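**Student:** These protein sequences, in sequence, are chains W and D. Numbering follows our numbering, with no gaps: position 206 of the first sequence is 206. Numbering follows our numbering, with no gaps: position 27 of the second sequence is 27.
Derived by calculation from the structure, the hints in this document are not laboratory data. A quick note: this is a predicted structure, and the numbers were derived from the prediction, not measured. A hint or two may mislead.
The list cannot tell twin chains apart, which means a pair is met if one copy fits it or any two copies do.
[To be verified] In silico lysine to any residue, SDA-like type, Cα no more than 20 Å apart, as pairs:
id, residue 1, residue 2
1, K72, L123
2, K72, R124
3, K91, G67
4, K72, A246
5, K72, R268
6, K72, D261
7, K91, A45
There are 2 protein chains.
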Amino acid sequence: MIAVDVGGTETKAALVAGTGADVRAVRQRRRATTRDAEAVVDDVAALVEELRAGTADVEAVGLVVPGVVDEKNGIGVYSANLGWQDYPFVKQVEARTGLRTAFGHDVRAGGLAELRIGNARGLRDAVIMPIGTGIAAALVLDGRVYRGDGSVGEVGHVDVGHGDPCGCGQTGCVEARASSAAIARRYTERSGRPVTGAADVAALVRAGEEDAVAVWHEAVDALARGILLVAALLGPEAVVLGGGLALAGPLLVDPLRDRLDGLITFQRRPELRLAALGDEAGCLGAALLAIDMLEET
Amino acid sequence: MIAVDVGGTETKAALVAGTGADVRAVRQRRRATTRDAEAVVDDVAALVEELRAGTADVEAVGLVVPGVVDEKNGIGVYSANLGWQDYPFVKQVEARTGLRTAFGHDVRAGGLAELRIGNARGLRDAVIMPIGTGIAAALVLDGRVYRGDGSVGEVGHVDVGHGDPCGCGQTGCVEARASSAAIARRYTERSGRPVTGAADVAALVRAGEEDAVAVWHEAVDALARGILLVAALLGPEAVVLGGGLALAGPLLVDPLRDRLDGLITFQRRPELRLAALGDEAGCLGAALLAIDMLEET
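For reference, chain W alone in the conformation it holds in the complex (with noise of 0.2 Å):
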C-alpha cells in the first residue's frame, strides 16, 4: 500500500505494511506541495515509483486531498488554496501509476486514523480537530467519520465573534485567531518580533512573555467557542485535538478546558484529548481507506 497525503504546504507519502490496528509506515517521503491539480498528479506518480522501487507487493494507492472533495466520484471538487476544481484525481492517479486509487479528503482520513489506530478509539460521538494552518474537524456520528456531501466540519469558520477578518470572506472566524498561521502572524503584528511557527510563540508563553501570552489567550478563547458551538450541535464526548498546535499539549488543553468550563452551561461536556498520530494521521488514513477499498471488493 502506498499513501499519499497532499497538504496545503507538503505533501507527505509512505509504503505502509500491517491491517487493523498493526498499520504503520515502512519508509516515508515528503517534498514540498506544487499548486495546480496536473503538477500534484506529478508528484504523486512520483512518490509512487520512488517508494515502490523494490517492493513486489504494492496493490493499490491511498490518495487524500484538502478542499472540497467527491469521494465516490473520485472528484477534488474545489481547493482555493492548490487551485483545482472538479479534477479527477481517481482516474489521472490510476492512469500514472497502474494502481488502483483509494480516494478521500485529508481531515476525515485522519479523523478516521485517530478512530481506527490512535486517540479516538472506541468513541462513538466524537469530534477529532486537526489544528495547523487551518483548522476543520472529521465528524465521528454514531461511531463512523461523517461525510455529508463532502462540505462539513468547518469549524475554523464559525463567527465567534472576535470581529477580526477571515480569508475566507467572512469575520471572527475561529481560524482568524486560533490556527498556527494565526497566532503567529498575530503575535509578529502585536511584538513586531518574527517567529518561525506557532511553536515558537508557544514557547514564548511557556517563558511568560507578556504579547504571546495575550495571543495565546485570545486563540484559546476562540477554540472554547467554537468547540462550544460543536458541544450545542453534535454533543460529541470527546473533542480530540490534533495537527501542529496540539504538540504544545497541556499548554494548550489545559486553558483550552478552564475556558470552555467556564462557557458552558446545559451542553454535553466533551472531554479534551490530544490526536495520537500528529501529522501523520492524514497519511494513515490514505492507507485504512485503501485497505478499505481492497476489502470491499
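Based on the hints, put chain D in the right spot on chain W.
**Tutor:** Relative to the frame of chain W, chain D by itself:
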C-alpha cells in the same frame, strides 16, 4: 396505535391509523401539560383510555417528551420546563396502560415524521427546525435522524453575537431573539403594546408597523446566523422550518433566504423549506416510533 406528544405547554394525543406514508390521526385530543413527571403519566394514561374506548386493535403507545431523553432505556433524563430528572416513563406508562410503549424526543420524532411523510421526504442530509416557544433541531444525517447521546441539535442555544441574555444562562442565543415567545416579548418591550403571540407580530409586520418590522428583522438575522453555523458544520442540503413561527410562510422564509445569502461565503447553501405537518409532527413521529417498535419485534 396511540401517540402522545407531551409539549412544554400542551399535550397532543391521537389515535393513529395506517402505515408507511399513509399514517394519519383518526381521533385527536389536546390538553394543557401538567408539570411533574407523575402528573404527566396520569395525563398520558387518561388520554390513552379515552382514545382507545371502543377500539379493539390498539397495540402500542408512542410517547415523546421534551428535554434530554434516553430513548434506549425509556427514561426522561432531564426537563427544566417540566421538572423531571431520570424518570422511567416507559416503565410507568406500560404499567398504567398495559400497552407496549415506544419512547422518544419530541423534536427528533417530529423530524422523523417530516422525513418519512412530510416535507423532508427524500432528503439525505437535512436539518428540521421547529420554531415555537423554543428552538431546536432534528439532524438528518445519511438519511437517518441522528440521536447521539440525546443532547444534540440545540441550534436555539448557539451564540450568534447579539449579546442579549437567554434563559439558558448564556448570551446571544438564537432562541433569545427568534423563538415565537421572544418575538412576542420583544415586540411588547419595544412598543409597549401587548400581543398574544408571534402571529400577532407577523400580522403587524404585514401591515408595515415599524416596531414589529424591527423585531422581525432581528429575529430573521439571528435565525440566519444560526443556520449559517449549521451549514458550516454539517452542510445540509435543506433546512426545513416548522413550528408555530413557520406558519408565517414567505414572511419568514423570504427575508431569511436573503439574509442567509448575504452571510454565506463558501458553505453549502441549504434550500429553505417549510415543514408540512405543523404542530402534529411530534405526535405523528411518536406513532412512527411505535410502528417501528412493533415491526422490529
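**Student:** Compare the structure with each hint and give your call.
**Tutor:** Now the hints, each set against the structure:
Within a single copy, K72 and L123 get their C-alpha atoms only as close as 25 Å, which misses the 20 Å cut-off; across copies the closest is 18 Å, which meets it. For the identical chains of this complex, K72 and R124 are inter-copy neighbours only, at 15 Å across copies versus 24 Å inside a copy, given an alpha-carbon limit of 20 Å. In the homo-oligomer, the alpha carbons of K91 and G67 lie at most 20 Å apart inside one protomer (18 Å), although the nearest pairing across protomers, at 49 Å, exceeds that limit. In this assembly of identical chains, the alpha carbons of K72 and A246 never lie at most 20 Å apart, being 31 Å within a copy and 36 Å across copies at closest.
With identical chains, the CA atoms of K72 and R268 are at most 20 Å apart between copies only, with a shortest distance of 18 Å across copies and 33 Å within one. Taking CA atoms no more than 20 Å apart as the test, K72 paired with D261 passes in neither setting, with 40 Å inside one copy and 29 Å between copies. Proximity of K91 to A45 under the C-alpha cut-off of 20 Å is restricted to the intra-copy arrangement: shortest distance 12 Å within a copy versus 62 Å between copies.
This entry does not satisfy hints 4 and 6, going by the numbered hints stated previously.
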